[in-house]
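Trainee: Below are the chains, spelled out letter by letter.
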Amino acid sequence: VSGLSSPVAWATAVGYLVVVAGVGAWASRRARDPKGFFIANQSLGLVVTGLATATAAFSGFVFLGGPGLTYRIGAASLLICLPLSFTAALLGWVVALPLRRLAGAHEIYTVADVVALRFGRRTGGWAALTVVVGTVGYLGTQLLALGIFLEAIFGTRDALGPWSRPVAMGIGLVVLLAYSAAGGMVAGVYTDVLQGVLMVAAALAVGWVAVESVGGFGPLVESIAASESLGPSFLDPLGGRVSPVGALGFFFVFSVGVLGQPHMLHKLFMIESPRRLKWFPLVVAGSQSLCLFIWLGVGFAVPALVASGAMSPLVSPDDATPSFLLHAASPLLIGLVVAGVLAAIMSTADSFLNIGAAALVRDLPRAFDRPVADELEAGRWAVVGLGIASAVVALTFGDLVALLGTLAFGTFAAALTPALAIGLAWRRVGPIAAGASIAIGLGLNVGLEVGRRFEWIVLPAGALPSALALAASFVVLIVTTFVAPGPPASQAVWDVIDR
Amino acid sequence: MTSPDPATAESRRSALLFGAVGLLATVLLVAPWLPAEWAVWGFAVAAGLLPAALVVGGVGGRRHRHPIVMVAVILGLWLAATLAGLVIARGGPPPGPLMLAVVGLWLLPLVPVGLLFALTFDRLLSDDEGEDPS
Chain U
1 VSGLSSPVAW
11 ATAVGYLVVV
21 AGVGAWASRR
31 ARDPKGFFIA
41 NQSLGLVVTG
51 LATATAAFSG
61 FVFLGGPGLT
71 YRIGAASLLI
81 CLPLSFTAAL
91 LGWVVALPLR
101 RLAGAHEIYT
111 VADVVALRFG
121 RRTGGWAALT
131 VVVGTVGYLG
141 TQLLALGIFL
151 EAIFGTRDAL
161 GPWSRPVAMG
171 IGLVVLLAYS
181 AAGGMVAGVY
191 TDVLQGVLMV
201 AAALAVGWVA
211 VESVGGFGPL
221 VESIAASESL
231 GPSFLDPLGG
241 RVSPVGALGF
251 FFVFSVGVLG
261 QPHMLHKLFM
271 IESPRRLKWF
281 PLVVAGSQSL
291 CLFIWLGVGF
301 AVPALVASGA
311 MSPLVSPDDA
321 TPSFLLHAAS
331 PLLIGLVVAG
341 VLAAIMSTAD
351 SFLNIGAAAL
361 VRDLPRAFDR
371 PVADELEAGR
381 WAVVGLGIAS
391 AVVALTFGDL
401 VALLGTLAFG
411 TFAAALTPAL
421 AIGLAWRRVG
431 PIAAGASIAI
441 GLGLNVGLEV
451 GRRFEWIVLP
461 AGALPSALAL
471 AASFVVLIVT
481 TFVAPGPPAS
491 QAVWDVIDR
Chain V
1 MTSPDPATAE
11 SRRSALLFGA
21 VGLLATVLLV
31 APWLPAEWAV
41 WGFAVAAGLL
51 PAALVVGGVG
61 GRRHRHPIVM
71 VAVILGLWLA
81 ATLAGLVIAR
91 GGPPPGPLML
101 AVVGLWLLPL
111 VPVGLLFALT
121 FDRLLSDDEG
131 EDPS
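Chains U and V, in that order, give the protein sequences.
Final position of the first sequence in my numbering is 499; the numbers increase by one with none missing.
Final position of the second sequence in my numbering is 134; the numbers increase by one with none missing.
Hints are computed from structural coordinates only; laboratory data are not their basis.
Cβ coordinates follow ideal geometry from the N, Cα and C atoms, glycine included.
Do not take every clue at face value.
Simulated restraints, written as ranges between beta carbons of each label pair [to be verified]:
no.: 1; chain 1: V; residue 1: 115; chain 2: U; residue 2: 457; range: 43 to 49 angstroms
no.: 2; chain 1: U; residue 1: 402; chain 2: V; residue 2: 128; range: 44 to 50 angstroms
no.: 3; chain 1: U; residue 1: 499; chain 2: V; residue 2: 19; range: 22 to 28 angstroms
no.: 4; chain 1: V; residue 1: 108; chain 2: U; residue 2: 174; range: 42 to 48 angstroms
no.: 5; chain 1: U; residue 1: 457; chain 2: V; residue 2: 67; range: 42 to 48 angstroms
no.: 6; chain 1: V; residue 1: 13; chain 2: U; residue 2: 457; range: 38 to 44 angstroms
No more than 20 angstroms apart at the CA atoms, straight line, and that leaves these computed lysine to any residue pairs for SDA-like [said to hold, decoys possible]:
no.: 7; chain 1: U; residue 1: 278; chain 2: V; residue 2: 112
no.: 8; chain 1: U; residue 1: 278; chain 2: V; residue 2: 111
no.: 9; chain 1: U; residue 1: 278; chain 2: V; residue 2: 127
no.: 10; chain 1: U; residue 1: 278; chain 2: V; residue 2: 66
no.: 11; chain 1: U; residue 1: 278; chain 2: U; residue 2: 45
no.: 12; chain 1: U; residue 1: 278; chain 2: V; residue 2: 123
no.: 13; chain 1: U; residue 1: 278; chain 2: V; residue 2: 116
no.: 14; chain 1: U; residue 1: 278; chain 2: V; residue 2: 128
Looking from chain V toward chain U, a few residues come up when the C-beta cut is under 10 angstroms (computed) [as the list claims (entries may be wrong)]:
no.: 15; residue: 10
no.: 16; residue: 15
no.: 17; residue: 23
no.: 18; residue: 54
no.: 19; residue: 91
no.: 20; residue: 97
no.: 21; residue: 102
no.: 22; residue: 109
no.: 23; residue: 111
no.: 24; residue: 113
no.: 25; residue: 124
Here chain U stands alone, though its shape is the one from the complex (with noise of 0.2 angstroms):
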């Protein structure tokens, strides 16, 4: 991302931390108590509610990786994005009513209550150790990314040598731990409707001036399919970039999988009424559509402008967006995709600190029967000690950080997606078959993910760790339940789910 330094630039970052951080410092006086500060007040709008679900479930991933991916493997790659069609439905549908309804009649403020709610604290404490082991990876990667774009955009590294990107990692993190630690959920969400708003403006903007750079969509297929180096095999999604089996892994992963996602399930208990989730699945499938005409758009015009000679070959996929950028577009627009950027890496940070401070010090002390006495107290600086952690982390532990980000979303999806989706669901479903799902789904996924990257484990052609790991979880679940039903599930629980 060198090169994307320039007053505009410059000025649109500045600018925009100074007003997220003024809306943390307005969001810090509503966030007096845990439920301020972890759930928002259970007082949020439809709107704000669905934008910050988008905006959470749509990291720095969106803007940078995933035309970075499209790039590396062709529109393969849309088999992870085009499920959201359905997948805001299908929370809404499978787990949206049954966890508000909980979050109201009881005190639940994060996933792992849930769990401990219907199968017990010990299985409870199994889903939060899943959110920490997946926090550690998204907050480690947001931070890191928020590292390297801030020093781009700063040009700090001529400067500072070395310290270029810790110094530019740090500008972003105490502005993004001043509103998390002051406001809490409050000021997430709000902050999130101003980063949503940026999202899609930017994304739109660079899609439409992507696919115009090219002359338009049927230009772009057609000088990508006559292209030696791409061919037609590359507009097609199951066509040979990816093994089908890997492709079709992808949509199975990314549409049942994000019911398993805290950080997308945490905004339902915030929601003021059960209600207001009726127009939930419009609001957050389009605002997520629109962001995705800049995977669409810079995904494969980069390489038709790189086929037709037009750009230079990336050095790396991940390029792919600034190279754009800095091919096509105008100063104001590269100002509008580096607000766009920060939004999303910081709109993913914000909800994980939460989260990631709710599991210890309230999901873990709980499942050991140790329970915090002062939450809010201790969720305050459980943020700022896991912002400041992370981020040493990540600056010290790159790789392994890259590799725990990659495998977050498939390691939530698959420990966490059959307890929830069928958890609340089945009576039948007990503590012995939620708490093998979760550790299976836990266990499996990350070790066949590192025992493949070590080469370790060999798996078949297009066998995706996060996808097997899933599918097994959900046998275990259900296998398990079938040969061994747990006791009768509380009347009381089950009155709320089931009204």
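Keeping the supplied structure of chain U fixed, place chain V upon it in accordance with the hints.
Mentor: Structure of chain V alone, referenced to chain U:
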């Protein structure tokens, strides 16, 4: 012969429907080890049906003949048909497979699914949840 009481009937329906989810998950688990064409076809159909099967299991287990079940069945068949279409269209002339993915998985379901969700949502609410809190 008397019909089973509602709780027993619900329990049986849930067991049957989530048993079907288990079968789909098993196909997805073993597919990578199957011969190539079986693997691709098995994975495409199971991955398309499983999201809808979760909705059918969750709603249909407890509420017999609920309208959401029909919506979910149509969605599942649509997704499975689109993914099967992608399998058939492999290697076809560009941009056919790309457009099939974009239109079948994204553009066509996007608004109807959201609208059908909203139109059927009130049927899931209890009487007091349906009241406007303001």
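Trainee: Going by Cβ atoms only, is residue 111 (chain V) closer than 10 angstroms to chain U?
Mentor: 7 angstroms, holds
Trainee: Quickly compare the C-alpha distance for residue 278 (chain U) and residue 112 (chain V) to 20 angstroms and report which way the hint goes.
Mentor: 14 angstroms, holds
Trainee: With a cut-off of 10 angstroms, does the beta carbon of residue 97 (chain V) approach a beta carbon of chain U closely enough for the hint to hold?
Mentor: Result: holds, 4 angstroms to nearest chain U Cβ.
Trainee: Has the hinted range 43 to 49 angstroms been met by the Cβ atoms of residue 115 (chain V) and residue 457 (chain U)?
Mentor: Given range 43 to 49 angstroms: holds, Cβ gap about 45 angstroms.
Trainee: How about residue 15 (chain V): closest beta carbon in chain U under 10 angstroms, or not?
Mentor: Holds. Min distance 7 angstroms.
Trainee: Taking 20 angstroms as the top limit, are the C-alpha atoms of residue 278 (chain U) and residue 128 (chain V) close enough?
Mentor: Holds, because 15 angstroms separates the two Cα atoms, which is no more than 20 angstroms.
Trainee: Close enough to count: is the Cβ of residue 23 (chain V) nearer than 10 angstroms to one in chain U?
Mentor: For residue 23 (chain V), the interface hint holds, since the closest Cβ of chain U sits about 9 angstroms away, which is under 10 angstroms.
Trainee: Double-check residue 124 (chain V) for me: the hint is only fine if its C-beta lies closer than 10 angstroms to a C-beta in chain U.
Mentor: This hint holds: residue 124 (chain V) lies near chain U, its Cβ roughly 6 angstroms from the closest one there, short of 10 angstroms.
Trainee: Can you confirm whether the C-alpha distance between residue 278 (chain U) and residue 45 (chain U) stays at or below 20 angstroms?
Mentor: Roughly 11 angstroms separates the two Cα atoms, so the pair holds.
Trainee: Is the hint on residue 91 (chain V) kept, meaning its closest Cβ partner in chain U is under 10 angstroms away?
Mentor: For residue 91 (chain V), the interface hint holds, since the closest Cβ of chain U sits about 6 angstroms away, which is under 10 angstroms.
Trainee: Does residue 278 (chain U) pair with residue 116 (chain V) here, judged by a C-alpha cut-off of 20 angstroms?
Mentor: 10 angstroms, holds
Trainee: Should the hint that residue 113 (chain V) touches chain U count as held when the rule is a Cβ pair under 10 angstroms?
Mentor: 5 angstroms, holds
Going through the hint list in order, the structure satisfies each hint without exception.
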